[in-house]
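Sequence order for the protein chains is D and A.
Following the working numbering, the numbering of the first sequence begins with 1 at its first residue and continues without gaps.
Following the working numbering, the numbering of the second sequence begins with 269 at its first residue and continues without gaps.
No wet-lab data here; the hints were simulated from the structure.
The C-beta atom is built at its ideal place from N, Cα and C for all residues, glycine as well.
Do not take every clue at face value.
Unchecked claim - Quick list of the computed label-pair ranges, beta carbon to beta carbon:
#: 1; chain 1: A; residue 1: F358; chain 2: D; residue 2: E180; range: 52 to 58 Å
#: 2; chain 1: A; residue 1: L383; chain 2: D; residue 2: R256; range: 26 to 32 Å
#: 3; chain 1: A; residue 1: L383; chain 2: D; residue 2: E210; range: 32 to 38 Å
#: 4; chain 1: D; residue 1: D253; chain 2: A; residue 2: I280; range: 45 to 51 Å
#: 5; chain 1: A; residue 1: R419; chain 2: D; residue 2: I82; range: 55 to 61 Å
#: 6; chain 1: A; residue 1: Y359; chain 2: D; residue 2: S46; range: 41 to 47 Å
#: 7; chain 1: D; residue 1: Q50; chain 2: A; residue 2: K357; range: 41 to 47 Å
#: 8; chain 1: A; residue 1: I407; chain 2: D; residue 2: G211; range: 27 to 33 Å
#: 9; chain 1: D; residue 1: V16; chain 2: A; residue 2: I292; range: 32 to 38 Å
Claimed, not checked - Partial chain D-side listing against chain A, Cβ under 8 Å, derived:
#: 10; residue: I18
#: 11; residue: P23
#: 12; residue: L121
Said to hold, decoys possible - Examples of chain D residues toward chain A, derived with CB under 8 Å:
#: 13; residue: T21
#: 14; residue: V51
#: 15; residue: W54
#: 16; residue: P58
#: 17; residue: S123
#: 18; residue: S194
#: 19; residue: G195
#: 20; residue: G241
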Amino acid sequence: MKRLFFLSILIVFVLVSIRFTSPEKAIPVKENLKDVFLPVQIGLASLGRQVYEWVSAPVLFYRTARHSRELEQEVAELESRITQLTEVKLENERLSRLLGYSQSAAGQYEFITASVVGRDLGSWFGTVTLNKGTNSGIKKDMAVLTPDGLVGRIMFVSDYTSEVLLITDPRSGVSTLIQESRTPGIVEGIAGDSGLVRMIHLPSDALVDEGQTVVTSGLGSIFPKSIPVGRVIAIRRESAGLFKSAELRPFADLNRLEEVLVIKRVLP
Amino acid sequence: MHSLILLLLAVIALILQTTVVNFIAVNGVKPDLVMFFIIIFGFLRNAGEGAFWGFSAGLLEDLFVGNYIGLNAISKLTAGYLAGLAGSKFYRENRLIAAVVTLLASIAGLVVYYLLLLYLNIFIPFFYAFLRVILPVSIYTACLVPLLYKRFAVFETRRGFYDL
Numbered sequence: 001m002k003r004l005f006f007l008s009i010l011i012v013f014v015l016v017s018i019r020f021t022s023p024e025k026a027i028p029v030k031e032n033l034k035d036v037f038l039p040v041q042i043g044l045a046s047l048g049r050q051v052y053e054w055v056s057a058p059v060l061f062y063r064t065a066r067h068s069r070e071l072e073q074e075v076a077e078l079e080s081r082i083t084q085l086t087e088v089k090l091e092n093e094r095l096s097r098l099l100g101y102s103q104s105a106a107g108q109y110e111f112i113t114a115s116v117v118g119r120d121l122g123s124w125f126g127t128v129t130l131n132k133g134t135n136s137g138i139k140k141d142m143a144v145l146t147p148d149g150l151v152g153r154i155m156f157v158s159d160y161t162s163e164v165l166l167i168t169d170p171r172s173g174v175s176t177l178i179q180e181s182r183t184p185g186i187v188e189g190i191a192g193d194s195g196l197v198r199m200i201h202l203p204s205d206a207l208v209d210e211g212q213t214v215v216t217s218g219l220g221s222i223f224p225k226s227i228p229v230g231r232v233i234a235i236r237r238e239s240a241g242l243f244k245s246a247e248l249r250p251f252a253d254l255n256r257l258e259e260v261l262v263i264k265r266v267l268p
Numbered sequence: 269m270h271s272l273i274l275l276l277l278a279v280i281a282l283i284l285q286t287t288v289v290n291f292i293a294v295n296g297v298k299p300d301l302v303m304f305f306i307i308i309f310g311f312l313r314n315a316g317e318g319a320f321w322g323f324s325a326g327l328l329e330d331l332f333v334g335n336y337i338g339l340n341a342i343s344k345l346t347a348g349y350l351a352g353l354a355g356s357k358f359y360r361e362n363r364l365i366a367a368v369v370t371l372l373a374s375i376a377g378l379v380v381y382y383l384l385l386l387y388l389n390i391f392i393p394f395f396y397a398f399l400r401v402i403l404p405v406s407i408y409t410a411c412l413v414p415l416l417y418k419r420f421a422v423f424e425t426r427r428g429f430y431d432l
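Isolated chain A, as found in the complex (with noise of 0.2 Å):
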């Protein structure tokens, strides 16, 4: 049931993500919902259920968009795994690490995606990637954080799933 729960929310993120987020880019600029969700998620869990959200929400994203199947799985893998780490190792239950966690793993997760896409021959200087989207987005993904993080703890808590 609660796997059931997450999927949903990974496919209304998705959903909102095509569509309304592009309403609230700052100068092109917007968050990566499906980031920001499996992220917190990593980080409220393990790294290894990080990993495993991260790789599903990433895998159901490429499935949508229907090309390059499994470029958002790994990057998102990539980040769900390392704020699962970084949730076994700080406090979670302080709002500014949640974010800065954010901000690092979306980072990671968004050079990854970079060096994929090297890998598929498609060539983007490094300081405009750096500058124009990795660090942007992660900024702007991470500022989600104090507005969303709360009732996401408390949603999983509730559950009994984690005791916050």
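Only chain D is shown next, with the shape it has when bound in the complex (with noise of 0.2 Å):
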């Protein structure tokens, strides 16, 4: 008896604990602490790494062999786009100046790169540490890309570290759209290790389909416009009925992050 009060004391005082400890409270101590951590992680980190490459390296060179044969078929294909592409853009270059119409072209970004040195301990969350904070220039809420897409954005920034608070962390939301019907919705993620996302809030007539591309609507102003977040691989209806959700898989690949983008500000 006197040992189940203990525990019911025990775990009130935790849930209060858990409640009044969310990261909209952060505590400052836990800054500190991960500057003090840093060395350790990033040697840990490269040890990990290096025991990775040196037993995938058979499969991977198998793998690379097959892959840089259908590259080089794909390079002679993306080349001949790249000629016509370059027709369009001079094309609108001069018909956007023709009507003095004027926007920040997407990828226009000045960047402060960064390397992942640690990710979230367990599987629900989906943070990763960088070995950059405030004195390299980086502050709170800025937008983390990699060349393939949308990573996240900064979630805590320290002297020497930052924290990435990823896409498919389930405390997550970004503004998109769909490419091809700019159809908007909110893209939320599910689970940090699950390495999905979905895209919520999507009217039950809208037009939605497997493989089409989801980029940033550059509402909300965290993330600019037009960044690729991933391609739409599965359709649900929801239960209300009035909405349907898209799974969508990340086009940056979350789970294997090494280097990061982190948007430092849009040129103009």
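Please assemble the complex out of the two chains, which come individually in their own frames, going by the hints.
Dropping the structure here:
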């Protein structure tokens, strides 16, 4: 009886503690601790990477040979497409100038490059630690990406490290639209390690198909417009019936992040 | 002294969990080393010690992460306690039983974690939570049993804390 009483007190105490230590009420001690652990984390991360590369080398070699043949063909195809697209781009520029229309084109950003030195312990949340912080000019809420696509945004910054909230984290929400049909929706994470995200609040009559590309919409002021997010792989009807949701696979390989780009500012 | 070694083991499990474990992830799924450690420990000892060490190791994990302090502590307390209960009822020398207990105790611990996330207003549809996290992580964690269980059991026996 006495033990049960003690246990219930403990659990109530812990439940209160969980609430009061949520990241919105971040504790300053944490940031300093992160800076102290940084060298250890960097060492272990590189050790882990080396072991992984060593173990996977034979498989990788076989795959690379096959992959390079496929890539050669793809390069030839893409080169011809680039020529076509350059034409379109030049035409677009001419027409824009005629209309006096100016828009900050996607891809014109000033970046800070950072390495991933640690990941969230568990499988639920999706956060990674970067080796750069306030001293390198990183601020809270800056957008993070790789050349493949969107990664997430900066959640905390200390002097020498920063923590990124990945788009696969259930706490993350990104305002997006489907590139082909311009249908808007919110992309939210499922669980850190699932490697999938969901696009929710799609009207049930929206034109959504598997294989479509989802990009950021630029609403909400955190993420700039037109950053690729992921590709639709499945569509589900929500139980309420008014909306449907789409499962996406992010373009950036969020489970194997090594180097990322933090957008410092969007160039005019 | 024994407690110190256990604490050290928990810290090592934690450090490996943040770094090296990510490289053995299969399709994003990685085993939970701390969960494995406290379940096996609880199974070899008893429910009370399982719960105590589950709580302590979980708390250490929470302090390491720095937010939601208590989330892992309660989740691992449950897993350690249940593993301890199972240990008093089943034959401890059988690795298969140890693996099944690890699977079930880990599922229970992660379900508690999921419920605590709901308490924190972090909503994940149960369908995704179960199929994408709870089940795969528990299966992967249970797969470590055939590899590591014997060693852990020998470590416990040699020190005379438990007669296997």
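A quick look at each hint next to the structure:
1. Between F358/A and E180/D the beta carbon distance is about 56 Å. The supplied range of 52 to 58 Å therefore holds.
2. As the Cβ distance of L383/A to R256/D is approximately 31 Å, the hint placing it in 26 to 32 Å holds.
3. Distance hint for L383/A and E210/D: a CB-CB separation of about 33 Å, consistent with the stated range 32 to 38 Å.
4. The hint said 45 to 51 Å for the Cβ distance between D253/D and I280/A, and at roughly 28 Å that hint is violated.
5. Taking the beta carbon of each, R419/A and I82/D are about 57 Å apart, inside 55 to 61 Å as hinted.
6. One distance hint, 41 to 47 Å for the beta-carbon pair Y359/A and S46/D, holds here, with the actual separation near 43 Å.
7. Between Q50/D and K357/A the Cβ separation comes to about 44 Å, which falls inside the hinted range of 41 to 47 Å.
8. Between I407/A and G211/D the beta carbon distance is about 30 Å. The supplied range of 27 to 33 Å therefore holds.
9. Hint check: V16/D to I292/A, Cβ distance near 36 Å, so the stated range 32 to 38 Å holds.
10. Among the interface hints, the one on I18/D holds; its C-beta lies about 4 Å from the nearest C-beta in chain A, closer than the 8 Å criterion.
11. Look at P23/D: its Cβ gets to within about 5 Å of chain A, closer than 8 Å, so that hint holds up.
12. A hinted interface residue such as L121/D counts as satisfied when its beta carbon comes closer than 8 Å to some beta carbon of chain A; here the least separation is about 5 Å, so the hint holds.
13. About 4 Å separates the beta-carbon of T21/D from the nearest beta-carbon of chain A, less than 8 Å, and the hint is met.
14. For V51/D, the suggested interface contact is upheld, since its CB lies about 6 Å from the closest CB of chain A, less than 8 Å.
15. With its C-beta approaching chain A no nearer than about 10 Å, W54/D sits outside the 8 Å limit, and its interface hint is violated.
16. The criterion of a C-beta within 8 Å of any C-beta in chain A is not met by P58/D, whose closest approach is roughly 16 Å, and the hint is violated.
17. Checking S123/D against chain A: minimum C-beta separation of about 5 Å stays under 8 Å; hint holds.
18. Below 8 Å, beta-carbon pairs count as interface contacts, and S194/D has one with chain A at about 4 Å; its hint therefore holds.
19. Because the closest C-beta pair between G195/D and chain A is about 4 Å apart, less than 8 Å, the hint holds.
20. Checking G241/D against chain A: minimum C-beta separation of about 16 Å lies over 8 Å; hint violated.
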